[in-house]
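Trainee: Spelled out from the first residue to the last, the chains are:
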Amino acid sequence: MEKKITKQDIERVASIARLSPSTEELDGLTADANAILEYFSLIDEIPDSETPQTYVLSHDNALRPDEEKKTDPKGIRRGFSREQDGYMLAPKSF
Amino acid sequence: MEILPKTLSTTNAIRSGKLTASANLEQKIAAVEKHDSAVRAFIEKYYDDARKSAAQVDAKITAEKPVGRLAGLVVAVKNVIAVKDRRLTCASRMLENYLSPYDAAVVEKLRAQDAIIIGSLNCDEFACGSDNTKSAFFPTVNPVSFFDEKGEITNANASEKYVPGGSSGASAAAVAADFCDLALATDTGGSIRCPAAFCGVTGFKPTYGTVSRYGMADMAMSFEQIGPMAPDAYGCALLLSVISGKDYRDSTTSKTVATKAPDASFAASANNAKIRIGVPKEFFEGADPKVAKAVKDAMARFASKTGCELVPISIPAVRFGIPAYYLLVYSEFASAMQKYDGLKYGAKPEANEELVPTVSKVRTANIGKECKRRIMLGTYITTKEHKDAWYTKALKARAYVRAQFDDALAKCDFIIGPTMPNLAWKIGEKAADPLQSYLEDVLTVPANLCGLPAGSVPCARIGKLPVGLQVIGKRGSDYETISLMAQIESSLVG
Chain A
0 MEKKITKQDI ERVASIARLS PSTEELDGLT ADANAILEYF SLIDEIPDSE TPQTYVLSHD
60 NALRPDEEKK TDPKGIRRGF SREQDGYMLA PKSF
Chain B
0 MEILPKTLST TNAIRSGKLT ASANLEQKIA AVEKHDSAVR AFIEKYYDDA RKSAAQVDAK
60 ITAEKPVGRL AGLVVAVKNV IAVKDRRLTC ASRMLENYLS PYDAAVVEKL RAQDAIIIGS
120 LNCDEFACGS DNTKSAFFPT VNPVSFFDEK GEITNANASE KYVPGGSSGA SAAAVAADFC
180 DLALATDTGG SIRCPAAFCG VTGFKPTYGT VSRYGMADMA MSFEQIGPMA PDAYGCALLL
240 SVISGKDYRD STTSKTVATK APDASFAASA NNAKIRIGVP KEFFEGADPK VAKAVKDAMA
300 RFASKTGCEL VPISIPAVRF GIPAYYLLVY SEFASAMQKY DGLKYGAKPE ANEELVPTVS
360 KVRTANIGKE CKRRIMLGTY ITTKEHKDAW YTKALKARAY VRAQFDDALA KCDFIIGPTM
420 PNLAWKIGEK AADPLQSYLE DVLTVPANLC GLPAGSVPCA RIGKLPVGLQ VIGKRGSDYE
480 TISLMAQIES SLVG
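Those protein sequence lines, which keep their order, are chains A and B.
Numbering of the first sequence is given in numbering that gives the first Met the number 0, commencing with residue 0 and proceeding in unit increments.
Numbering of the second sequence is given in numbering that gives the first Met the number 0, commencing with residue 0 and proceeding in unit increments.
The following block holds chain B by itself, in its conformation from the complex:
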């Protein structure tokens, strides 16, 4: 018997009337109420509005009126994405009580397709981090810390607590803990793929320019994309088909076409024998040997079942990814953060002194340590005397990395390897040394530097910790990339 992806089963059950949208929502609310005190994924819950939306969807289905593509599916949203009249905190004291004046473009699209928005999710402050411990409010815990062998949360008092990855740690945690059917997240240097890998869910970063960022608080504008997280590749494809497409409010989308919705042939490829998949040796060299082996085993299994060709390749420029990425992120982030001055919105200054001391005081008191470090370094490397040595050089490094990835993707259809070089670490580890934390992003930042679509599929577990397999596609091949992820997923079942 064919096993349907979980998202497709839920969608079918709601459309056929076997499961009402309200019942689906109540199941999610019950899970949140039971387990979110341990997982701590939510910043704000929108139960009242969600119940109203679910009732509206049920009324449409009962009256046999047409419903949207996400009808009755429960979606949670990373709290860097605006939901009208709700708090948009970016997990920062700076915006703790700031209310969004409008819906982000992606939230408008969710509503238009009858999604049920259950609440907003924690993350690293302003999306700056790889483990969700840098939220100004509280760290989210990886639900696998509490899982039994069946993947159910049965041990909420577990003493060993693992990070969910970041920065969209709570988006992955909420999907893994079944607090929602789908989640929206953002990926600037791996912030969707890292937590997907650590929590054992599927996540996808679209090609740069595919999804409108209108209404998203920016971290580094030339890198980031909003993308889907789901229990399966089907869910990622479905959510991407809704949120992608042209939006006059974000000029990077001016040439994009909405990604098509997954159809019956989504997870099947008619011509696998012609698909060449590049396996760069650099993706395995610095990885934990256990992770490298798990990924290689999964790749071999997939290739033998599907007939795709695995081609050993080399992309030496991978080692320049971290410095190029972080230097540019620092620069763009320092610029993006200038708007938080305590005057227009966000934390309010205590006393009304002169402009500069007022702004400095409110920023110093309300911006967290990692964000300050990035603002300072970004400001330093873009000053006139240091710009050529650092900022311009990093822009050249970006071109260098991109050329090698484009070259590899001219010879292969996809690139695959591990998503993360290591397994999830325990909360508190890697806290002292920022560089050590940055280096964890080595395999995810290239896709952002090059604007390529990339996703993570769970491919194994080592103990209770999941391992993610990363698929990187050609620019614009988002549908094909998620389709390959779906094939990998089904090749690993049974």
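Chain A on its own, in the form it takes in the complex:
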């Protein structure tokens, strides 16, 4: 399949990734992405019959006693960019 990445692809990906690279950065990222993925297309040689493996461990349903754990909301809250009445204040989204 055609894997060549265009500057438009990178612009679109940047907006999904919440990044706004400059025009110069976009050129660099496009060139890097093409060079890297061209080399990585080596994996096309892997047999398609392989089962995808996300983790080396099997997925187990690990349970722990349902006990209340102490948390320190002050430590968490001091990281907030803006706070009101103990809540994080986020910018409007629409």
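Rather than coming from a laboratory, the hints here were simulated on the basis of the structure.
All values reported here derive from a predicted model rather than from experimental measurement.
One should not assume that every hint holds.
List of simulated lysine-lysine pairs, BS3-like, C-alpha gap at most 25 Å [unchecked claim]:
1. K3(A) to K383(B)
2. K343(B) to K91(A)
3. K83(B) to K68(A)
4. K292(B) to K463(B)
5. K68(A) to K338(B)
Dock chain B against the given chain A, drawing on the hints supplied.
Mentor: Structure of chain B alone, referenced to chain A:
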């Protein structure tokens, strides 16, 4: 006369009262104050707290009260691991002033065993790199750049400065420069073993799921492990015995058992004649011939002294390691980095506009170049239209690589070879081409793809640059793997 590992000598001296914890700490602080302006390993130093901890340990020893396994040993911590109320920067502008609300599980364990935590260490930004030049703050310099023939720092003005490896470059540098007895680091694709090899120290990446990652800022969750760095295999085994084990806050540890502490027979094997060590030809093919020869010489010496059998093997899937690893790291890293939005913690947005521009601005301004590249590629290859061609294919490649390593480890007890294909390079080299830098990880990423325990032991020096020998074990054989590393270490002395 038997030469004791340095870590064991220090432990014995502290427990017997010959060396106080406070005196040990002051020696380390003096070394940091004298040489860290050249090495630049530390992000933050915790001298006041460390002095209090050392005094408490000394009081316990004087009163003949029981002390922990790490009593009085000075430990430094890679700054992707949370230490309560201290800065957790990940060597990034994004988290430059972020204070950890709690201790990581491994830090709780250090404290419980009476370790003295001296400070936090530099690394590549969010652990993305192989040479520690990608820290947003400053590059750490390999202390061997300043060493004389005895391994002492005597030439702090040396003009040729070498990288310490990465991403845990400063963890290895701090051990090599004697700024600490032990260091905590993380290894996602070789980030403990590469700097161990480059700085001439010992480092170990445990089996995936052995050490709780609670309180560690994640880079790629399916690969990384926290592990020890030390002057010797004994130190790695001792620190691993403390940090390993089950933790309800990290489900990957649900079936693990803490690795046992090194005992008197740690570096001795009763039955070496039955130990088969696989030597894959692919580990030597692309390596610098000088490195390949140094490793082969060390292996031959070890085998003749111990009676282990070296078995030539082939693992052709090694060549798929780099693409499989990086494609999956990109994907997991892009996902892990979504939480850095400037709202909950870390760098704060300047103006309060609408959500998306606010988040984009703060991320663009505060995330470094290599991290951005990885986020972009990870986002690209996991979009619906490209996922099958890249992400899913990389997951299949991971299974393919794993099957070949499992097969090799069914026929052999261990696999050994070089840790890194090349010697440490000078700071500034390999900066322009990211792919060239990635390819340096070819011999370390397989252990992460397969979740295997793997460590690096110094085995030679070429000029002033150390060479690392890598030992890879079977899943869960962490103690046996470090024990073999200890045997290799002692076979190379004298």
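Trainee: A separate judgement is required for each hint: does it hold in the structure or not?
Mentor: Here is what the structure says about each hint:
{"no.": "1", "hint": "K3(A) to K383(B)", "verdict": "16 Å, holds"}
{"no.": "2", "hint": "K343(B) to K91(A)", "verdict": "15 Å, holds"}
{"no.": "3", "hint": "K83(B) to K68(A)", "verdict": "17 Å, holds"}
{"no.": "4", "hint": "K292(B) to K463(B)", "verdict": "16 Å, holds"}
{"no.": "5", "hint": "K68(A) to K338(B)", "verdict": "23 Å, holds"}
The structure is consistent with each of the numbered hints, conforming to all of them.
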